[in-house]
Structure formats: C-alpha cells, structure tokens
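Undergrad: Work out the full structure: start from the sequences and follow the hints.
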Amino acid sequence: KCTMCGKGGKVYITEDMLRAIVVEQSKKGPTGRNQVEQLEFCEVQKLDLGSRHISRIERLWEFTSLTTLHLNNNNIQKMEGLSRLTTLKCLNLSFNNIVKIEGLESLKKLEELNLSDNRITVLENMDSLEKLVSFNMVCCLKKLKNLFTLNFCGNPLSEEENYKLFIIAFFPNVKYLDYRYVNSEIVRDQPNRAARNMHGDFF
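For the sequence shown, the positions run 136 to 338 when this note's numbering is used.
Among the hints, erroneous ones may be present.
[What the hints assert, rightly or not] With a cut-off of at most 16 Å between alpha-carbon atoms, the simulated EDC-like pairs for lysine to aspartate or glutamate come out as follows:
1. K145 <-> E159
2. K224 <-> E246
3. K213 <-> E197
[To be verified] Computed Cβ-Cβ distance ranges for the label pairs, DEER-style:
4. E294 <-> K162: 42 to 52 Å
5. K163 <-> G238: 48 to 58 Å
6. A155 <-> T222: 42 to 52 Å
Hint data in this document are derived by calculation from the structure and do not stem from the laboratory.
Glycine residues also receive a C-beta, built at the ideal position from the N, C-alpha and C atoms.
TA: Set out below in structure tokens:
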C-alpha cells in the first residue's frame, strides 16, 4: 500500500518523499552521493515534484533557499503552502486542476510563473508580483511592466472573446503571445478598441 496515499487514492507530500526526491535529483548534478545524503532542505535551490499525482501543496516550509519549484502535471486544486518560499523565482504549476490564483502574496522575487492548462477563469490576487518577467498565465494588473512573454493556452480564460485584444492593449511590452510574435504596428490602436470591447468579468 502506498504510504503517501490518503483516502480516494490521493497522494500527499511526506518528509520521506521529499528526502528521496532531493537525494535523487541531487545525484544528477555535480555533487556526489555522500554529499547528497547530508543536504538539508534549507540548502536546496531547485526542486522537481512534477508528475507525481500530488493532490496538495504542503510540507515545503523548510525549503527556504528554493529558487525553482516544479509542481506541474499533478492533481493540485488549490494554490497553498507557498508563503514561506520567499526566495522563489520560478514556479511551474501547469497541467493541474487549479481554479483560482491565490497564495502568492509573499513571493516578491517571483519572475516566472506557469499556470497554463488549468481551470482558471478569473484573474486575481496578482498585484504583489512586481518582478514577473515571464508569466504563463495572463494577469490583468498593469504594474507588471516587465512582462514580455505570455502563454495561457488551455485555460477557460483563453476562450474569452477579445482576450488577445485586451492583452495587447494593457501589456504594451509583450512581444510574444501564445507562442506568436506580436506585431508592434497593431499595438498602437488597441487601448481604445479594448476599452470598447472587453467584458467586465474579465478583470
């Protein structure tokens, strides 16, 4: 029986699971096995928990030096348990079942965020992420002035009428949208058109 599985076959993050993953992933790098086994959670900078059927984000509070975290291709429904990861720069939560953007307020250093292929329909709770330079799920806040690459395919939001028009209008620095180059000549006329056409519930 899986010791990490709860009721309904849900997989939860345990300390033993984290220790095994840290050892496994560190052995792929320049450190040797003897050094790896002594590595503390607080020293880990990159952690890949992708494709492990995880149902909930938890037990990560000791990873205080983490800069890159992959939680893609799991069964996560809620963004939680991330508040102490204040050094995080890259967060990958793609291919989950997330419906709401939340729990990112303390991640002031976050630069890359991937939320593609989830169930997000409303953009919210993104105003504290001032350092984002690559955001794989569009945000409606103008203060994210460094955004230049956006990809939010696979979310219900991408089906919203005029969503591309909205992005071009309010994110003038975006150069690539859904893997396609944004023509700068088209950008100039977008703000007025977007104001006339965008739905109120898009915000």
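Undergrad: Go through the numbered hints given earlier and state which of them the structure violates, listing their numbers in rising order.
TA: 1, 3, 5 and 6
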